[in-house]
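S.K.: Okay, here's what each chain looks like letter by letter:
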Amino acid sequence: MSIQDIQEEIVEEFSVYDDWMDKYNYLIELGKDLPPIDPKYKTDQYLIEGCTSRVWLHAGLDREGKMVLTADSDAIITRGIIALLIRVFSGHTPEEVKNADTAFLDRIGLQEHLSPTRANGLASMVRQIRMYAVALSAQK
Amino acid sequence: MLDIQKIRKDFPILDQQVYGKPLVYLDNGATTQKPRVVLETIERLYDRENSNVHRGGHHLSVITTEHYEAARETVRQFIHAAHAHEIIFTHGTTSSINAVAFSFGEKYVRAGDEILLTEMEHHANIVPWQMLCERKGASLKVIPVNEAGELRLETLDTLITEKTRLLAVTQVSNVLGTVNPVKEIVEIAHRHGVPVLVDGAQGIQHEITDVTDMDCDFYVFSGHKIYGPTGIGVLYGKEKWLEEMPPYQGGGDMIKKVTFEKTIYEDLPLKFEAGTMNYIGAIGLATALDYLRDLGLENIMAWEQELLDYATARLKEVPELKIYGNSSHKTAILSFLIGDLHHSDVGTLLDKLGVAVRTGHHCAQPLCDHYGIAGTVRASFTFYNTKEEADWLLNSLLRIVEMLK
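Chain order of the listed sequences is A and B. Just so we're aligned: 125 in this note's numbering is position 125 of the first sequence, and the numbers increase by one with no gaps anywhere. Just so we're aligned: 130 in this note's numbering is position 130 of the second sequence, and the numbers increase by one with no gaps anywhere.
The hints are simulated quantities; they were obtained by calculation from the structure and are not laboratory data. Nothing here was measured: the structure is a model prediction, and the numbers come from that model. Take the hints with a grain of salt, since some may be wrong.
Partial pick of chain B residues on the chain A-facing surface, computed with a CB cut under 8 Å [as the list claims (entries may be wrong)]: (1) HIS342; (2) SER344; (3) ASP345; (4) THR348; (5) LEU349; (6) LYS352; (7) THR359; (8) GLY360; (9) CYS363; (10) GLY375; (11) MET403; (12) LEU404.
Even for Gly, the Cβ is constructed at its ideal location relative to N, Cα and C.
Modelling step: build the complete structure from the supplied sequences, incorporating the hints.
M.R.: Set out below in structure tokens:
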């Protein structure tokens, strides 16, 4: 599935929730289910310092040249959004990731979490993912 | 006794829904809402009277100047200062503290000197002093807090040395709500010949403030935290200091005579009011102070105490909730954490239930470090809040705990 198709799928999933609390309940479940990041990446080197919550992010390439993203946060809602971002971006080539947007977050009403003023590390995380994509595509 | 439902009608912003829920505004520590009279004053000024102050002899300028100077007098009365020319208008608490740190620092602080602060200061009452210390080669010393969130005043006599040039202390902690015994602190400092700056940003709106009785040397606060407009603040300084201190900004309105060789500064207060001041903000602030005076600060304090006691008791019904700041003398600020739940998760979900709180370190990282935490959830109440809102906060928290656990 393309990045765009996955985004459509997520928008579809969230469309069943018309109540904010249901939407966040789902996000919290996603946050709880997010596979833990390898402890060796949960260090200051991979830390994106936010004002309210912190995010750790690591990106690499698998044998097929697809990006593999793992990330974690100390806040569960941030973890939920991380889970969505990983679902969208992980498993695609750096070229695809480099040029992709995060419009789906706006469409499901979670854009505020990417606002730099929230300073929860997510806006920086998306920027960081793109930087990884640029760096990894140059490497190939 | 205050009629809270009637008072709430004075604050049009409170009557609205967010995310389909009635707004419960508990972020008054960050900024307060404005009563209708303040909004009307600002509109009338721009609509009918706007003109620059202290300039031109024309009709509108005279009217605005009179209102601006009357606003200064209103502030003087509100904080019980001796003279109106001891009231300097600024942009807010931060700019007031920066002004003192610069002007006082230029005049009195030398290499090797010390500035004494407390562990519970807002960054606005830390960073300007740190910058002064860097400029002058001076250093900071810090009065520690105890577990309840009170200053350990027994350390004061040893922390003040012959090198201490100034003590800067907050009247009320923006995180803990602790009301510091500023009068006692001033007395001790003065015994050692050390002047004191009191940061009133969180105190002026909740405590009866008498700078003459307190005997502090400087007192600073912001308009927007006391139901006035943003962008206006006050620096009170004792005449003897303000006379001696050099101005921190040069420009129009603060001069008597300018030649390229030398400038003669204006007398107080204009010496410290360079450029076009926020005169509409100042007049709006005075309207807010009049509004508070009419309600009666004693009545406001009594209701806020009742709200604090009620909300504290109710919050304790949340399992594993820990309140930071348990001084017996505090304002209606409740900073808390629940078990190992992240403050930003709690804040995000409260928001979706219509409750506005602040989460994070509240610009007081050293204090958070003291407790070994990254931040808290802070619900800050004020007189237009109700017990029903405290109930809504509690029920929201119980629901959130269920979701997050």
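S.K.: Taking the hints in turn, state whether each one holds.
M.R.: Results for each hint:
1. HIS342: Because about 4 Å separates HIS342 of chain B from the closest Cβ in chain A, which is inside the 8 Å limit, the hint holds.
2. SER344: 4 Å, holds
3. ASP345: 5 Å, holds
4. THR348: 5 Å, holds
5. LEU349: Hint holds; LEU349 of chain B Cβ to chain A Cβ min 6 Å, cut 8 Å.
6. LYS352: Cβ of LYS352 of chain B sits 4 Å from chain A, so the hint holds.
7. THR359: 6 Å, holds
8. GLY360: Holds - the Cβ of GLY360 of chain B comes within 8 Å of chain A, reaching about 5 Å at its closest.
9. CYS363: Violated, about 10 Å.
10. GLY375: Check passed: Cβ of GLY375 of chain B comes within 7 Å of chain A, closer than 8 Å.
11. MET403: MET403 of chain B check passes; min Cβ-Cβ to chain A is 6 Å, inside 8 Å.
12. LEU404: 6 Å, holds
Against the hints set out earlier in the document, a violation occurs for number 9 only.
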